[in-house]
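> All chains should be built: construct the whole structure from the sequences, respecting the hints.
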Amino acid sequence: MSKSASARALARSQGAERSLTFVTGLLALFAGTAVLVLGVGWFGTYRARRPVLDPAVTEWLAAREPVVPRVIAIVAGLVLLGFGLWWFFRSLRPEPKPDLHLDRTQGHALTVTAGALSAAVRADTESVDGVTKAKVRSVGDPGEPALRLQIWLREGTDLRRVWQDLDAQVLARARTALGVETLPVAVRIELGASPRQRVR
Amino acid sequence: MRVLVRLLSTLLGLAVAAAGALLALEVAWQWWRPADAPLAVPWPAWRDALANTGWDSFSVRVAAIVVAVSGLVLLLASAVARRRDVRLTDPATDVSVTTSPRSLARVVGTHVRAQDNVTSASVTASARKVRVRASSTFESEEQLRPRLTESVTGLIADLPLVRRPKVSVVVDSPRDRR
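Which chain is which? The protein sequence lines are X and G, in order.
Quick note on my numbering: the first sequence kicks off at -7 and runs consecutively.
Quick note on my numbering: the second sequence kicks off at 532 and runs consecutively.
Since the hints were derived computationally from the structure, they do not count as laboratory data.
The structure presented is a predicted model; accordingly, all values stated were derived computationally and were not measured.
Ideal Cβ placement from N, Cα and C applies to all residues, glycine included.
Possibly wrong hints are sitting among the right ones.
[Said to hold, decoys possible] Pulled a few chain X residues facing chain G out of the computed Cβ check, cut under 10 Å:
| id | residue |
| --- | --- |
| 1 | THR16 |
| 2 | THR25 |
| 3 | VAL63 |
| 4 | LEU183 |
[As the list claims (entries may be wrong)] Rough simulated footprint, nothing fancy, chain X against chain G, three-plus residues with beta-carbon under 8 Å:
| id | stretch |
| --- | --- |
| 5 | 536 to 550 |
| 6 | 577 to 589 |
| 7 | 593 to 605 |
| 8 | 636 to 650 |
Below you can see the structure in the form of structure tokens.
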């Protein structure tokens, strides 16, 4: 089941990072436990007393053609390098803020920058009754940008009314202004946020 | 926790990349110039050391325990880092709404504290469960609990939540201690 564009825009996806960390943890746990079990002697007392770098293994390796293990080791090293770099940069990169391309024809290209879009929508959102503060940013891939609104509501605000106002004033306006039919929007609401009061 | 997993993931990626680069580099170097064998990693010394340690030696056991425990830490960190937002019903197509468990707890807390005879209250909330601990000086648990449960359930029913959380109320009252 694939999630809708607006549901995907709710928060940054961390699926790949989480699963890679999970799998690494699983491998480390299995390897550590296996070595412990081997060392305790559950696979045979004699097996546990053999050296870690077993002469049987080194002799088996020495009997082969030396080219094959070397090539395998170099290729494995390069694959690990590429995979590790992809993993590293994937986890490190900030969440993209795509611009909205309204027209891509040569000579008539029209782009709304992410900053302009979010500033305009933010000003509209903050004018809705009951909203004390709003943050807006564009998210998603450049081909299919979405908006993420984070809004703070005053205590006792009726959610349904705020939604109607948001949909009628802010989102409908954004859609007509941009001339797009659909604009996936994710809204994160903070309820009952009262302004901090100073202690007297 | 989500930041921690991102950090761990970055470090793991870097470690894998570094290990791969060193492996390829050392093997290629040893192939090209066997005489100047170790380039950066003193692997001949490691090889000799490993040839003289058994699987049942103390150092191997310590290393295995360290590896297993750090694996467990990675597992737990990535398992805990899930999203905890509370989904609200979608007001329109192409619009999705969530709120934070904290703000749900804040709304319930304000509501509970405004009830009669509630001295103080603390609330924890998630998408599945709302726990209220209230204390009251004048009313006993038997009197206050049904009233609070009912009013909190009513409050939550008014919110357009996708799944209705269960409400549990505990009242702490000096009248019950006599």
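> Quick check: the stretch 636 to 650 of chain G, covered by chain X? Criterion 3+ residues, Cβ under 8 Å.
holds (count 3)
> Three residues minimum, CB to CB under 8 Å: does the stretch 577 to 589 of chain G make the cut for coverage by chain X? Let me know.
holds (count 9)
> Hint check: is the beta carbon of LEU183 (chain X) less than 10 Å from a beta carbon of chain G?
4 Å, holds
> At a threshold of 10 Å, is the proposed contact between VAL63 (chain X) and chain G supported by beta-carbon distances?
VAL63 (chain X) check passes; min Cβ-Cβ to chain G is 9 Å, inside 10 Å.
> Mind checking the CB of THR16 (chain X) against every CB in chain G and telling me if the closest is under 10 Å?
Holds: closest Cβ of chain G sits about 5 Å from THR16 (chain X), inside 10 Å.
> Take the stretch 536 to 550 of chain G, compare each residue's beta carbon with every beta carbon of chain X, and decide whether three or more fall closer than 8 Å.
Satisfied; 13 residues make the cut.
> With a C-beta cutoff of 8 Å, work out whether three or more residues of the stretch 593 to 605 of chain G approach chain X closely enough for the coverage to hold.
holds (count 12)
> Does THR25 (chain X) meet its interface restraint, that is, does its C-beta lie within less than 10 Å of any C-beta in chain G?
5 Å, holds
Violation of the numbered hints given earlier is absent; every hint is satisfied by the structure.
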